[in-house]
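**Q** Chain residues, written in single-letter form:
2 protein chains.
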Amino acid sequence: MMNQAERSRKRAVIVGMGFGGIRTARVLAGKGLDVVLVDRNNYHLFQPLLYQVATAGLEQESIAYPVRAMARSWPGVRFQLAEVQGVDFAARTLRTDAGPIAYDYLVVGAGSVTNFFGLDSVERHAFDLKELVDAEALRNHILTAFEKAVNEPDPARKRALMSFVVVGGGPTGVEFSGALIELVRYVLAKDYPELSTDAARVVLIEATDRLLAAMPEKLRRYTLEKLRGMGVEVLLNARVTDAGPERVVLHDGAIIPAHTLFWSAGVKAAPLAGALGVTPVAGGRIAVQPDLTLPDHPEVYVIGDMACIEQDGAVLPMTAPVAMQTGIYAGEAILAAIAGRTVPPFRYRDKGSMATIGKNAAVASAFGFDFRGYAAWLVWLLLHLYYLIGFRNRIVVMLNWIWYYWFHERQVRLITSRETPSPSA
Amino acid sequence: MMNQAERSRKRAVIVGMGFGGIRTARVLAGKGLDVVLVDRNNYHLFQPLLYQVATAGLEQESIAYPVRAMARSWPGVRFQLAEVQGVDFAARTLRTDAGPIAYDYLVVGAGSVTNFFGLDSVERHAFDLKELVDAEALRNHILTAFEKAVNEPDPARKRALMSFVVVGGGPTGVEFSGALIELVRYVLAKDYPELSTDAARVVLIEATDRLLAAMPEKLRRYTLEKLRGMGVEVLLNARVTDAGPERVVLHDGAIIPAHTLFWSAGVKAAPLAGALGVTPVAGGRIAVQPDLTLPDHPEVYVIGDMACIEQDGAVLPMTAPVAMQTGIYAGEAILAAIAGRTVPPFRYRDKGSMATIGKNAAVASAFGFDFRGYAAWLVWLLLHLYYLIGFRNRIVVMLNWIWYYWFHERQVRLITSRETPSPSA
Chain A
1 MMNQAERSRK
11 RAVIVGMGFG
21 GIRTARVLAG
31 KGLDVVLVDR
41 NNYHLFQPLL
51 YQVATAGLEQ
61 ESIAYPVRAM
71 ARSWPGVRFQ
81 LAEVQGVDFA
91 ARTLRTDAGP
101 IAYDYLVVGA
111 GSVTNFFGLD
121 SVERHAFDLK
131 ELVDAEALRN
141 HILTAFEKAV
151 NEPDPARKRA
161 LMSFVVVGGG
171 PTGVEFSGAL
181 IELVRYVLAK
191 DYPELSTDAA
201 RVVLIEATDR
211 LLAAMPEKLR
221 RYTLEKLRGM
231 GVEVLLNARV
241 TDAGPERVVL
251 HDGAIIPAHT
261 LFWSAGVKAA
271 PLAGALGVTP
281 VAGGRIAVQP
291 DLTLPDHPEV
301 YVIGDMACIE
311 QDGAVLPMTA
321 PVAMQTGIYA
331 GEAILAAIAG
341 RTVPPFRYRD
351 KGSMATIGKN
361 AAVASAFGFD
371 FRGYAAWLVW
381 LLLHLYYLIG
391 FRNRIVVMLN
401 WIWYYWFHER
411 QVRLITSRET
421 PSPSA
Chain B
1 MMNQAERSRK
11 RAVIVGMGFG
21 GIRTARVLAG
31 KGLDVVLVDR
41 NNYHLFQPLL
51 YQVATAGLEQ
61 ESIAYPVRAM
71 ARSWPGVRFQ
81 LAEVQGVDFA
91 ARTLRTDAGP
101 IAYDYLVVGA
111 GSVTNFFGLD
121 SVERHAFDLK
131 ELVDAEALRN
141 HILTAFEKAV
151 NEPDPARKRA
161 LMSFVVVGGG
171 PTGVEFSGAL
181 IELVRYVLAK
191 DYPELSTDAA
201 RVVLIEATDR
211 LLAAMPEKLR
221 RYTLEKLRGM
231 GVEVLLNARV
241 TDAGPERVVL
251 HDGAIIPAHT
261 LFWSAGVKAA
271 PLAGALGVTP
281 VAGGRIAVQP
291 DLTLPDHPEV
301 YVIGDMACIE
311 QDGAVLPMTA
321 PVAMQTGIYA
331 GEAILAAIAG
341 RTVPPFRYRD
351 KGSMATIGKN
361 AAVASAFGFD
371 FRGYAAWLVW
381 LLLHLYYLIG
391 FRNRIVVMLN
401 WIWYYWFHER
411 QVRLITSRET
421 PSPSA
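Note that the protein sequences, when read in sequence, are chains A and B.
The first sequence begins at 1 in our numbering and counts up one residue at a time.
The second sequence begins at 1 in our numbering and counts up one residue at a time.
Since the hints were made in silico from the structure, they are not lab data.
Keep in mind that the hints are not guaranteed to be accurate.
It does not matter which identical chain is used: a pair holds within one copy or between any two.
[Claimed, not checked] 30 Å max Cα-Cα, derived BS3-like pairs, lysine-lysine:
| id | residue 1 | residue 2 |
| --- | --- | --- |
| 1 | Lys359 | Lys218 |
| 2 | Lys218 | Lys148 |
| 3 | Lys31 | Lys130 |
| 4 | Lys31 | Lys359 |
| 5 | Lys190 | Lys31 |
A quick note: this is a predicted structure, and the numbers were derived from the prediction, not measured.
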């Protein structure tokens, strides 16, 4: 039941509890607005660490945090578990599977999904990492492959079971490759004395001539050399064109026998972008006004991966820092609009980027400085702990990292599903 | 490849990596035997804490430990992930879905499954707690019920969504009821300000006139009073006869509107018992010789919940302590048989039993002493940490308990599956 005062309060509805959405919520909390958070999951997911769940390094629960646990300390904010179906702009109403939700201001940050660029066979057979279940399914699949290899009499199939193809030389592909080869060399080699784990392969395939394209050349070269030194086979200027359950086919017809294909070669805006009544641009994203609103709808903001924002002649990347900054901006813009103030156009401040390659090895480029090796790795650890939501989560994650650092032990190597794990598609 | 020396080594095959099987393995490790551990899961599961996973208190990974992580420090021991299909006693061969495994000695400890006593509708609609996936599914179901209650306009259905029927007044039923009412009162009440969680019901149904039948009367009374004081509705001398997705029917025709039914009113030996060529006795268990072997098969041991062992005129209960002691005995009996020694008949030493009811409240009966309240609760905590496998697991579990104790916070309240969770059946 709402009383008269509450009815007259402006209502902001935020769709998507990713890096952007939770920051918009934090800005709007306790400012006299009625704020409704909508997500189809009841938790915020720290996606950058999904690859560590997939490689048995972290519990899946440690990188997720219940939205209600945040919302209950935010005055005026409540949560609605729902799948969004569309928006009725004229009626200012969000359509969801839990019923319609009226809004005065709408912030849409539903994130992105994997882009397979129309490669159907790849989509059918490849794993990706966008959701918590993806990470658990991939971990189950990797460990099950080793269990199958134990019983496989044919040497070629045995090796294919221990071969992993990673597509995409961006941060996710680099981090996953490094974590996977370390899992095999440091942990599984001890778990499976009956296997020659030296024969295991991790093949990283990148379509261009460089890994971590956003990084300075020195760091790109370090990454390539480091990964190769760890035993990852890096193929540059190579593309995957076809895939089956036991093989991956490259553009030149070469076949890699491998039972696991991981795809991190592209993302596109979540399908909800198509329901916003605006023709999407490249990657399914929505071209927004300088203040992140929809053309003709100054009360609707698009943030994070869904927003296509041009700045200095280039389109901003689909990354967590962009999502966070657009999320904060949208919250402040709504407060300004209510107060009758105007806001300057959104401007992204690039604080740099980083990627971890393996133990004691990372690259970071920030504020004009380039770090690599141990220093960059330490900065990576601390920043990820800082941005992880929930103090207890931070402790559990830190505990796992310390364990791994000291004992070379990753304990979450559990196969939690006996069904044949089904890939992303 | 085995050399001549290895071929001539005796091989012991242990089926089931529960409380019994891992102890048999530990006894046989490094004693010159070839030991093969067989389980359909790649981990040992600490079942007594499943109810804490189901009530959002623990990560599922923290109560499971990879078998290979144990086996790699045990000389002569290896692991085979496989589902056992049967035993060929004449050929001394175990039949599995990963192929046949020959044995000289066989130890069978496949545990138990839930016994619904032929109540089909209950089996279809009830949740139980035997496996890791059960606990996650039940947690998802409980939290989803509260999310649905938020949107439910009908007050009766809203209350039924927040009503939980627990069947069976043994340790599992008591512990789950207590943990569930605390989850609702301490945690969900804060998470769902839009719900009157005071209207939530936890109904514990027991067919006899007592809870925790194995306990002395004073502790039974304490348990009953404590649970009722916490808000659990305890119905004694009551039986569930029918169930649907939104209601539970009692023996007298009374109907409890509830969307969640949890069954802990009985167990029976795992189906594998039926494949051992011996007619099972009550509860599907196998009547064994005084040395735990099968009649006519002195090389085959049955341990844990599957073994029906009479002692002092009563049958031993299906509990973790019995499983542990039978597991150790089987290992020592095999070593004795190889050395040509005989062993005295198995004899169970009852060290007592315990159950936790809630924060600062437990009952324990051991060595002729009865404890209750804070002291029993502390003993319960320490013993469970002690028996949990894996140092890191112990730290994570302890961390969760401290968190809950200090902050009344259970952080794993994640809905990790968007599908309608399907109950046990």
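**Q** If a hint holds in the structure, say so; if it doesn't, say that too.
**A** Results for each hint:
1. Taking identical chains as interchangeable, the C-alpha atoms of lysine 359 and lysine 218 lie at most 30 Å apart only when both belong to the same chain, with a minimum of 19 Å there against 57 Å between chains.
2. When the C-alpha separation of lysine 218 and lysine 148 is checked against a cutoff of 30 Å, the pair qualifies neither within a copy, at 41 Å, nor between copies, at 54 Å.
3. When the C-alpha separation of lysine 31 and lysine 130 is checked against a cutoff of 30 Å, the pair qualifies neither within a copy, at 33 Å, nor between copies, at 48 Å.
4. With identical chains, the CA atoms of lysine 31 and lysine 359 are never at most 30 Å apart, being 44 Å at best within one copy and 37 Å at best between copies.
5. Taking the shortest Cα distances, lysine 190 and lysine 31 sit within 30 Å of each other only across copies (21 Å), while inside one copy they are farther apart (56 Å).
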